[in-house]
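Participant: Chain by chain, the residues run as shown.
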Amino acid sequence: MSAMPVCNNAALTVLLACAVFASMPARAEIRVGSKQFTESVILGEGATRLIGHASVRVTHRAELGGTRTLWGALLAGDIDIYPEYTGTIVQEILGHRALTDTRAIRAALAEYDVRMSAPLGFNNTYAVGMRRVRAEQLNIRKLSDLVSHPKLRLGFSSEFMDRADGWPGLARYYGLPHTDVRGLDHDLAYRGLEAGEIDATDLYATDAEIRYYDLVVLEDDRHYFPAYDAVWLYRATLATEAPRSLSALMRLEGHVSQGEMTAMNARVKLDGVPAARVAADFLKREFGFEARLELPSATDDFFRYTREHLLLVLSSLSAAVIVAIPLGIVAARKPRAGQVILSITGIIQTIPALALLVFMIPLLGIGGAPAIVALFLYSLLPIVRNTYTGLRGIPPQLTESAVALGLPALSRLRLVELPLALPTILAGIKTSAVINIGTATLGALIGAGGYGQPILTGIRLDDTGLILQGAVPAAMLALLVQGVFELGERWLAPKGLSARR
Amino acid sequence: MSRREGPPAGAAVFELAGVTRRYGTSVALARIDLSIEKARTTVLIGPSGSGKSTLLRLLVRLIAPDTGTVRFEDQPLTDDNAAVLRQRMGFVVQEGGLFPHLSAHDNVALMARYLRWDTSRIAARVHELAAITHLPADALRRFPVELSGGQRQRVSLMRALMLDPDVLLLDEPLGALDPMIRFDLQNELRDIFRGLNKTVVMVTHDLSEAGFFADTIVLMREGRIVQRGSLTNLLRAPADAFVEQFIRAQRSSIV
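Just so you know, the sequences run in chain order A and B.
Going by the numbering used here, 120 is the number at position 120 of the first sequence; the sequence numbering is gapless.
Going by the numbering used here, 227 is the number at position 227 of the second sequence; the sequence numbering is gapless.
Bear in mind the hints are in silico, worked out from the structure with no lab data behind them.
Hints are not guaranteed to be accurate.
To be verified - Residues from chain B shown here face chain A by an in silico Cβ test under 8 Å; the list is partial:
(1) V60
(2) L62
(3) A64
(4) F91
(5) F99
All residues carry an ideal CB built from backbone N, CA and C; glycine is no exception.
Build out the structure end to end from the sequences listed, making use of the hints.
Facilitator: Here is the structure:
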């Protein structure tokens with residue numbers, strides 16, 4: 001009865017969502033990717049502008065996450081090119097083999113139909129840094145000095161914690177005894193250093209913050225870290241399908257010095273200049289060409305984030321409603337199947353959101369689709385559980401009356417049981433919607449956009465205003481949805497159930 | 001069964017043969033043979049746990065027997081034909097069992113709408129039933145929570161009668177009402193039953209109520225039928241010590 005229009009709208013939304021994703025042209029444009037840190041975003045912007053100058057349609061899927069996300073997206077064809085570092089390629093991407101020279105690396109990459117450009121000109125190697133005051137106090141100058149200070153609190157970026165060439169390898173190589181080692185966001189680590197909450201963190205050699213926070217880079221005296229020369233990784237097909245764009249891009253080879261890159265990072269991170277502007281200025285200075293620079297206004301951004309966020313939430317939630325209500329009905333009818341259904345949806349709920357999103361990448365690539373599937377899975381439990389509870393909570397004499405009247409099972413469900421359970425089911429959908437709106441902000445990590453995008457960029461740039469541009473609308477949307485549901489519950493819920501004498 | 005009655009006067013509407021029903025290890029009904037006569041009022045009575053409600057539920061197949069058969073108008077009642085045959089029975093439970101999300105009118109009209117009666121036919125029938133049960137017209141627009149206990153039972157009776165069934169099954173229909181209303185409604189109900197000339201099967205634990213309504217009383221104890229007969233029959237010739245004791249316990253309430 002009253003549940004039907006909800007389902008129809010939901011189906012429509014899912015179809016629309018599918019249509020949007022299916023209609024993306026496969027090859028008419030070149031897609032540049034970048035990692036979730038400033039330097040990668042600047043390089044991505046630079047590439048986008050250079051390729052765009054060669055009059056090809058080009059998009060930049062910025063801030064996609066870490067190496068695994070980008071490499072996965074490149075192999076899946078979700079992106080065509082992204083900036084990478086030779087050290088990362090050797091240690092992380094091709095880590096299972098011993099590769100010594102560039103020729104061997106190229107050969108290994110060729111097996112994946114991926115090619116590597118010549119170095120862009122700077123070496124952004126990993127390093128470990130401390131505040132100058134603290135380092136001088138303890139008389140620490142090199143990495144091997146750390147051995148005699150086992151009580152130091154270390155805070156490393158999550159990726160550095162996980163990588164084979166990161167903390168685990170470093171600790172083994174130098175015999176570092178430290179036990180107070182935490183993983184945290186790279187940008188938050190600087191703030192932790194400044195606040196004195198951690199004593200040392202991993203750095204990139206071109207980080208703008210080294211000067212800003214007055215840090216010392218500890219000398220890698222036993223030469224643990226390999227070279228991290230910046231290069232382009234691109235799909236081999238690009239050479240035949242878009243040779244002009246590719247040769248435009250290769251003009252960057254050998255043109256970006258360590259000093260220039262550090263300066264560009266500092267302009268974005270410390271002076272708050274948009275990465276697109278910094279990249280455009282560099283290209284103008286270096287190659288003398290005027291790249292058209294149309295920075296979207298804050299209002300444009302807001303509407304785009306809202307549109308993306310609503311698409312994520314509406315399509316995943318309506319799909320969840322369509323699937324979860326029948327599952328809840330089955331669970332309420334068949335106790336054994338019910339146990340299985342409730343357990344499985346419960347287990348899905350315990351998977352950390354970030355992990356679930358990353359699991360989706362090998363299956364569905366990056367962008368909206370994997371985020372919608374992950375959000376869909378997350379939205380199941382509250383709706384399944386409430387449908388189950390709502391149906392099980394119907395007084396037995398009402399069910400008996402419906403049976404005794406001669407209503408067959410399906411009509412009983414439609415005319416009596418679902419309307420009686422409707423308030424509980426709606427409460428479940430409301431819970432799912434509110435959780436969904438919050439969780440959808442993580443979608444930005446795999447390129448799905450939404451309100452998570454300004455939050456992500458804000459964290460990267462240490463820009464509280466930008467973080468609020470995502471966090472406030474997300475919170476408002478959650479409150480709005482909650483309010484709409486409460487009104488809807490009053491309208492939709494059967495009158496006789498709410499009126500109390 | 002200690003004593004057998006003679007063959008029933010009218011044709012049987014329900015015929016139970018060797019019906020046994022267990023709940024786990026406890027036996028709710030033990031090898032019951034019973035026929036229920038057409039156009040008469042049969043009252044099932046007994047202490048709590050005697051199986052009287054279980055027996056009523058078997059008649060409308062809310063539960064199925066473990067062994068034995070229940071026949072309704074010469075057909076065995078099965079899971080397959082139950083939904084259709086139930087439309088020829090009207091069932092009323094203690095609290096009325098009205099659906100709280102539907103108005104009184106929609107409760108009454110639910111099955112007729114499901115069977116796609118046209119609106120004028122539904123309106124005429126609801127009007128007719130409201131007159132029979134003395135339900136005020138404005139009560140039809142209200143939801144069950146907005147009705148008094150007596151009105152709820154009237155609506156429940158209307159719903160049971162909507163499709164003009166052959167049989168009315170009532171499970172303690174007056175049990176939840178206070179004594180004054182109960183007294184009034186007893187009289188009205190008896191008049192309605194007589195006027196409609198339907199087969200009625202009613203469950204109660206109150207001997208005076210049973211005597212008031214019944215053509216035949218079926219007294220039950222621990223899943224068995226102890227005695228079957230008129231009230232006079234029970235009072236004059238109790239079948240065993242239990243019947244005597246049951247009558248004595250309730251005697252004060254018999255007018």
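Participant: Run through the hints listed earlier and report the numbers of any the structure violates, in increasing order.
Facilitator: Violated: hint 3 alone.
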